[in-house]
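Participant: Generate coordinates for the entire structure from the input sequences, incorporating the hints supplied.
So for the sequence shown, the working numbering puts the first residue at 1; every next one is plus one.
Hints are supplied without guarantee of correctness; some may be wrong.
Unchecked claim - Computed beta-carbon distance windows for the label pairs:
#1 R102 x D770: 53 to 61 Å
#2 D403 x R631: 53 to 61 Å
#3 P160 x R546: 50 to 58 Å
It should be emphasised that the hints constitute simulated quantities derived from the structure, not laboratory data.
Note that CB positions come from ideal geometry on N, CA and C, so glycine has one too.
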Amino acid sequence: MRSRRGAAIALVAVGGAVTTMLVGLVTNAVSAQSHWPSWLGRLQEHPWLSFVMLGVATAGLTALLAVLDDRRAQGRSPDSTVRPDDGSGPPGAALVLRSLPRDTTAFTDRSAELELLVSSVRASQENEEALAVHVIDGMAGVGKTTFAVHAGHVLSERFPDGQLFVNLNGHTTGRSPVQATEALASLLTAAGVPTQQIPVGDDVSAITEARAAMWRSRLAGKKALLILDNAASYRQLEPLLPGGSGCLVLVTSRKRLAVHEEVVLAVEALPPDHAVDLFVRLSGRSADTLDRDALIELVRLCGYLPLGVSLLAARLRHHPSWSAEDLRERLVAARDRLGELRAGERAVAATFDLSYRDLAPERQRFFQGLGFYPGTDLDAYVGAELGAVSLAVAREQLDALYDAHLIDEHPGNRFRLHDLLRDYARGLADEGDSMDHVQTVQRVCTYYLAVLAVANEYIVRDGAGGPPPPNGTSQVEIPPMESRTAALGWLENERPNVLACIREANGLAQHDLVIRLAAAMAPFLRQAGPWDQAVGLHRTAAEAARHTGDQRALAGALTELGVARRFMAAYLEATEALNEAVTQYEAVGDRRGKADALNQVGIVWYLTADNDAGARAQTEALALYRELGDRHGQANSLADLGMVRRQTSRFDASVEAQSEALAIYRELGDRYGEANSLRDLGIVHCLMGEYALAVQRQREAFSIYKELDDRVHQAYALNELGVVRRLTGDLDSAREAHTQALEHYTALGDRFGRANSIRHLGVLDRLSGDAPTAIRVLEDALEAYRDLGSRGGEAASLSELGVARGLVGEQDNAVEAFRQSLEILRELGDRCGEAEVLNHWGALLRMSGELAAGRGRFEQALGLARDVRCPLETARALEGIGRCDWMVDGPALAEGPLREAVTVYRQLGVSASVDDLERLLVSQAG
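Facilitator: What follows is the structure, given as structure tokens:
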């Protein structure tokens, strides 16, 4: 691109030089006082050649400049629909209203269009036919959105399952059109879908398709109303259309959209008499006090557009001493000032100009500031920063601008500008100092940083530090925020505006603001997602840090990027980002940052079962936290180290690390950390055969998760309770717990937890005697684990598949499953899991009559189980050895290992196995 631009510039330069030379030749062609040297003298002797060459050069240069200008115009064309979503820029989000905007008093009689729409909807519903998409098109300012909102209010009772309003920014100055994938994420959230359940990924097309499918599924069988305002193209619109027949979609656009099976409602300028009636109604005057001819001329001069008529009427209402003729004269003067505009533009702009000039100087400045706002809607707090005024003054200014029809009001005391008025305000602002734009964006971003600092106090875990507030925020007025619920509500509502400000700051090269805002949004996005939005944000922050050379900021952005990639199960990218973060923190001597990054990369290595690397990372992080006296960091690294120790069957070391973490979490009052440590201790106690203690720990953890309203971790605790219930023979309670956990995971979109629940349910199917169903369910779990890259889950599923396949006579397939499972478990260092698979394999060989081979597997399992103190597998191995001996050598030699197995089973409380073996021993005694 740069080389082509350089070549073009060179051609223009050469063309200009040649043209200049030829002009000189023409000028001097007949001069006897000046003679050109060498071959140029021949041109001077034949002047007509100079004229010909001058003409050719001028024509060529003109054509080249036209081509270059055309390309530049194409790049900035307002008709370019949707920006390429290649992940290279900051992410965006759509503003979705969960209720219709307020029905305006400026709506005038459009009975024909309204009757056509209502009749179409009524007929479709009465005939039980699918509702068509209704496209409302027309020129800017003609009242498309007003008509759609009014129609929505008229029809709302027919759509009891909800009404949603989305601004797609198709023609909004300073804003890129909303991407379909961004709009779908916001729509799904507004429809009650937890953000963790919304599909994420790097393939934009695939994610858009997946979100669209979820959106259609969400609205299936529902009667809902969806207004898609300001659409740019059918490509932007199509993924947002519900699949069900009972939903009504109203689309507004300046362009005619090629929507399949649509009903097009063209909204034209008002008929003259309707325009006059609207003017009279909004002016607050009676018709008989106004000059009818002047009124007709007024509405004609503003193009019969409702927006212009509303503004003119407001002017007359605010000036009781003016007559209609006075207003007409002022409007004509305004049109004269805007004579360079096209007729259509001049008709509306003149009304804007008249309304603007009628404002007091301080209100004019405030209105100009609104033109710099990159967000979609705003409240008085943002208005105060845009206008550099107090909150009280901002409220006064916004109310006055609303009263003057220069801004619209949205639910929740929020305001927005019509796109045409945004254009106008931006044009006025651009006439001033170029630094005004930068300074306004800086003030708004600083305001958001101040509020985010307060919000983070409620959403960051107790004992964990959040991003500090920036300097200069002590004087910033912020909304009251007194609870976690209020903080999360504010964050969700302001998410599109904060992201728009980050995009604007990035475009203005305000890299420090981009970095700070991304860091301040990180705690919310960690919890709320969607993760691909977080990835886009932190990539932008990392690039901003590279621009400034701020290595510490770069490391922070990379750490958050790694965390988001881990949430997406993109473990390779997570590891790369976190390892680079460690390197950057080392370079600047930031030990706390390095410890945080090590802790996070250690979690990734744990998840991918690289246990040696995970243990090294957590041990190094722990040492750094202890040097720094960071108690919360110590607890986190100890807890994560305990999980690694548990995964490698070092149960005593796991209990030691996790117990120390638990004590610190309790000391700090971190209930979330306390619950996590209790849950992991419960897992370890279960593996050690301490089932009563395991149940106690899981119940304690579940109670805390419920107190915190953390459904994801409630589900994890339920799964672990189900495992203990299964191991102690209570299969019905186990199934209930796993089914409840599965429902939670499915609703929340936790793929790993869902795979765990499916696997546990497959084991219950096998124990209940339904091996074919167990095989099908376990194969689903295996596929999910492989998709997630979970080697531990894959090994566990293969082990259980081997047992189930053996039960249906698929011995070769069973052996292959056991072999693959053992290979993975040995790579992971999970010796308890290895002992379990060997016991399963031994049981298969014993049942098929291969007693010597089976006894060999049981002996291997016994050695491993005793080595790592895994009592359940110890008992199973002893039972297997005893049963093999019984078949080969008789009861006498078998009695020893069988009685030892009974003792261990009894200690564990596994009564079913105790009863079974005691019956066998009694039969021998008889």
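Participant: If I claimed the Cβ atoms of D403 and R631 lie 53 to 61 Å apart, would that claim hold in this structure?
Facilitator: Since the Cβ atoms of D403 and R631 sit about 56 Å apart, the hinted range of 53 to 61 Å holds.
Participant: Mind checking the hinted window 53 to 61 Å against the Cβ distance between R102 and D770?
Facilitator: Once the Cβ atoms are compared, 58 Å apart, the range 53 to 61 Å for D770 and R102 holds.
Participant: Between P160 and R546, is the Cβ distance one that fits in 50 to 58 Å?
Facilitator: 52 Å, holds
The structure shown violates none of the earlier numbered hints.
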